[in-house]
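Engineer: Chain A is already provided as a structure; the job is to place chains B and C on it using the hints.
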Amino acid sequence: MEIIYTDVLVIGGGLAGQRAAIGAKRRGHETIVLSLVPAKRSHSAAAQGGMQASLGNCLGASGDNEDIHFADTVRGSDWGADQHVVRMFTHTAPKAIRELAAWGVPWNRVQRGEHEITVDGQKRTIAESDAAHGLITSRNFGGTGKWRACYVSDGTGHAMLYTMSNQAIAAGIPVHERMEALALIHDGGRCCGAIVRNLQSGKLLAYVARATCIATGGYGRIYRVSTNAVINEGMGAAIALETGIASLGNMEAIQFHPTAIVPAGILVTEGCRGDGGLLLDAAGHRFMPDYEPQKMELASRDVVSRRMEEHIAAGHGVQGRFGEHLWLDIRLLGKAHIERNLREVKEICHYFLGIDPVRDLIPVRPAQHYSMGGIRTDHRGQSPQLRGLFAAGESACWDIHGFNRLGGNSVAETVVAGMIVGDSIADFCDSPEGELQVSTALVEEFGQRERQRLAGIGSGNGGESAFELTRLMQDTMTGNVGIFRHGDRLREAVDTLQELQCRAANITLRSSAPGANPELVAAYRLQRMLKLAQCTAYGALQRTESRGAHYRADYPRRNDGEWLRRTLATWPAPEATLPSLDYEALDIMTMELPPGWRGYGDKDHIAHPDTERRKHQISAALAPLGDSADRYTRQQALMPFEHLLPPHLRRRNQRLGDES
Amino acid sequence: MPKTLSALSARMDLLQSLSGLLLVLFIWAHMFFESSILLGEDAMYAVSRMFEGEPLFGKPYPLLVSAAGIAVFLLVAVHAVLALRKFPGSSRQYQLLNRHLGVIRHEDTTLWYVQVITGFCLFFLIPAHLYTVITQPENIGPYASADRVWSERFWIVYALLLLTVHVHAAIGVYRLVMKWYAPTGVQAGRTRARLKRGMWCILAFFILLGTASLLTYMRIGYQHADSAGERYRPASAPVGAR
Amino acid sequence: MNRIPVQEVRRSLQIRILRHNPHDPASKPCLQTFELEEAESMTLFIALNEIRQTMDPSLQFDFVCRAGICGSCGMIINGRPGLACRTLTRNLPECITLAPLPGFELIGDLSVNTGKWMRGMSERLETWVHQRDLDRADIDQLEERMEPDLAERIYELERCIECGCCIAACGTARMREDFVGAVGLNQIMRFRLDPRDERSDADFYALVGDESGVFGCMTLLGCEDYCPKDLPLAAQIAFLRRRMVATGA
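Chains as they are written, first to last, in my numbering: chain A, 1 to 660; chain B, 661 to 902; chain C, 903 to 1151.
Just chain A, same shape as in the assembly (with noise of 0.2 Å):
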């Protein structure tokens, strides 16, 4: 079998991927990414409506910083989200959307004078400063107490990735693209690298690397109803799972988008509903005010598509020849504004539904989002079980998204966690751990394992067909860990999967095609997404609360009590149907936000004892500070952070008005 060696191998080729290798080759050490497609093809590229940095340049965002940032986040995640990670990523988020403006991202930027918004249906005209003027300007998006979300138009996730990917090119970074990484190698202990198939000719090699990192986003396509894109199977996840040893954290926590098109499931971007844009049901009536006086439309995704689902069940929604729907209406928004801001959706809209979004109503049902589960890493993007094994992007639970992940974190996630997960991975190459001693028969065992897998499947004659049993396992996740769950259909969910995973080890191709063999990739990849199937299912039956995006409709409460912890995923054995599951749990008295209502949706939760105790203790160190402290001061006294960031993303951010 051929051997690449290289000092670090990155998995994915997206955003996250790409700059955690440009943090790593510019530290000296050799980097090769692997990449299912093109990198430049990545799903980094249909993030459209912003990526959130506390800037406050703009009107809307003015006052803003890293402490709101960081309480809209903790909300968000539904107290789910790992605090101290929170701080790290809001802190580099203005550097990373400052970088990436630096290297060459066209973000849309504030234009002094008088504009015309629409807020709350209405339209009102505000004014920019001079001061401001040329600046990055952002957007407004859900759950967040300010206009946060900085954009280029409807493209964001496009021009950040096309600065990136050229910004790797111009490092040197090779891509080897058409890659699939098939299972990571390892001693038990310590990550060595992967064994990948190349998806152009079919044949196995191996990538024996000192650190490994893999950022291969989510695994959405577990779902039949799904905003995602093709490629997002979640096989980062599924390899590190594979191992026995590296955990996936809080799989059950899935986001459901309120706004995906009907029927296609492509996804229309928040900064819909951010710009003005309503909620309408089948009688034209704007519904979401009823439900959320407070946030209205703008409440966090997890509590806008229950309500959705909610108004539907109700019997409100349009009867459409896809199933039931409800409206997204931005004609309001008027045809110059769609046409400059929003031009991406207007392209869907034409292509997908034949209609004009100026003129016409857009038809929106929720659909499967993102994944706040995978690879659990430690602040530094390390998994805590494999050593040299490193996640970022949508791939890790890094955490800083919780139960629920607000818009426009996600694309920020992966700059800044490239960014810093870039640098601790060129801390562990340099230091001794990052030495490694790899023989060359753990290599030609593992490569063995593979090829074995792979022959098993083409020799498998049971009759079973992958394409059918995907579907299954699909519409067994769209139908009974959606949105709503329940114990009695999430337990029916686990015995369907298992009984999926049984009959897709009796998998017969039809086709055995030399090269790639698409119908061989739909094998190897279903089982392995069964696993991670299970995981969610799994994970969700357990966990007996509703948290954030994880809504079981009998257990509708929020359980601090019992249920502050995270689910952490381990695959037993390769011949094992279900998961082992064990909790980490998360002190209540090291947060500087501790649980309480989130500022929309249910006020109702079931406390923890340790929060009242918290916020004595935080009231207590707060008090000798006094009125005049600044916020710099009372962050350090209740929750210290900076010491866990690389020492050159701990300076503070300039704003207008700070003195440089």
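Note that these hints are calculated values from the structure, not bench results.
Each residue gets a CB set at the ideal place from its N, CA and C atoms; glycine is no exception.
Just to be clear, a hint being listed does not mean it is correct.
To be verified - Listed next, the in silico SDA-like pairs over lysine to any residue satisfying Cα-Cα at most 20 Å (straight line):
id, chain 1, residue 1, chain 2, residue 2
1, A, K95, C, R1038
2, A, K95, C, Q1043
3, C, K930, A, S201
4, C, K1131, B, T844
What the hints assert, rightly or not - FRET-style restraints, in silico, Cβ to Cβ:
id, chain 1, residue 1, chain 2, residue 2, range
5, A, T633, C, R1047, 25 to 35 Å
6, C, Q934, B, C861, 38 to 48 Å
7, A, T508, C, P931, 25 to 35 Å
8, C, Q934, B, I816, 44 to 54 Å
9, C, A941, A, S580, 34 to 44 Å
Structural biologist: Below, chains B and C without anything else, positioned relative to chain A:
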């Protein structure tokens, strides 16, 4: 790293377009002068004398016409050589291009291919025409030209030339605009459609004008066939004579 | 309210696909016809997947975002380059012929290696912001200001998704394999417009001032007419040509 590229490419590209533009302007002007025959033999006689310099020097110098013919020939040669760079240079390229034309349905690519074909034809037709102009500059006039057209059977050459040169020129002008000043902005598509419509109108106009003139020369030539070789004597004093 | 046109009678589609697997020595390029019943709102993405799942599992094609954003699924659809994922079958006749994009290395059937070509183009034209000490940029301070209008004009050109349709539609690219194509020339214009890029016109001339660059373009306008993102390619190339003539000649 920057490799240094010579200025030659830029100059050749510009020169190809400029020579083409000049040739188009020439041929359009040529059409108006030639079609003076539609206004009568006298008008055409006056035009031909004018180009022999009679208004300027008091008597005609046909050599001036030869000189102009040579200049045009040189311009054509320059244009042809520069354009040849863009023609398929090998049988492989020719095959690739042909396959491309077979696979892709695209109007402007077809227009360009029409230019390649007409350009190839003009490669033979223009020298044939210019040869007579340069060697027999004095034989341009209402009767001399008409005799050549009819009695010497040159109308076949001229008919072909008329068609090819105007197709080549009209498409050329449209493509020249697109090449150097393609419309931009929200109206770009509409402007281009107008340009193209303009191109067809110009083409139709010159084909009509040219056909009418050619038919007139043929008629005169037919009527004058018995006394072919005889030169035209204007009824009145030549226009512009001192 | 529902303005989506309803199609009453289901058509039977004949989809002819130019098939070839270069990894199989026995494979010869040939057209294979698949028949399938048209469904509501069927795109070529749906149709091709259905063919693969129910008729021929070896059929190769590329889709990623299936939303017209990533540029993976460029192919020749009835003689016109376009994105298959957002092509609705109801806008096509019953007989649909699909072929891989020409001008790129064939991976198999409808799958071509646009990624390799585009990476080569990026490396050759250095499609990134050239600025001294870029890796030491101060990211703690306020960002450099930019005119809002300029940012939007850069984005207008940045919208290219490198799908390869312009290369497939280009007669010049067919004859000259080293031609950078509209995608490359557009990149030059994008970085030329960007004040963060310190390169001069002379630097750009060194990159595209010859027959493999802007002077190779024969203005066939296939790029302009088949760009799925409606980029103003003809106007950009015309402008670049004028600038490069002014610089070089």
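Engineer: Evaluate each hint against the coordinates.
Structural biologist: Hints, one by one, checked against the model:
1. A C-alpha spacing of about 13 Å is found between A/K95 and C/R1038, which places the hinted pair at or below 20 Å, so the restraint holds.
2. Of the supplied pair hints, the one linking A/K95 and C/Q1043 holds, its CA atoms being roughly 9 Å apart against a limit of 20 Å.
3. Only pairs whose Cα atoms come within 20 Å are accepted, and C/K930 paired with A/S201 is accepted, the gap being roughly 17 Å.
4. Only pairs whose Cα atoms come within 20 Å are accepted, and C/K1131 paired with B/T844 is accepted, the gap being roughly 15 Å.
5. A beta carbon spacing of about 31 Å between A/T633 and C/R1047 agrees with the range 25 to 35 Å that was offered as a hint.
6. Under the hint 38 to 48 Å, the C-beta atoms of C/Q934 and B/C861, about 46 Å apart, fit the expected range.
7. For A/T508 and C/P931, the hinted distance range of 25 to 35 Å is satisfied, since their beta carbons lie about 29 Å from each other.
8. Distance hint for C/Q934 and B/I816: a CB-CB separation of about 50 Å, consistent with the stated range 44 to 54 Å.
9. Separated by about 42 Å at the C-beta atoms, C/A941 and A/S580 satisfy the suggested range of 34 to 44 Å.
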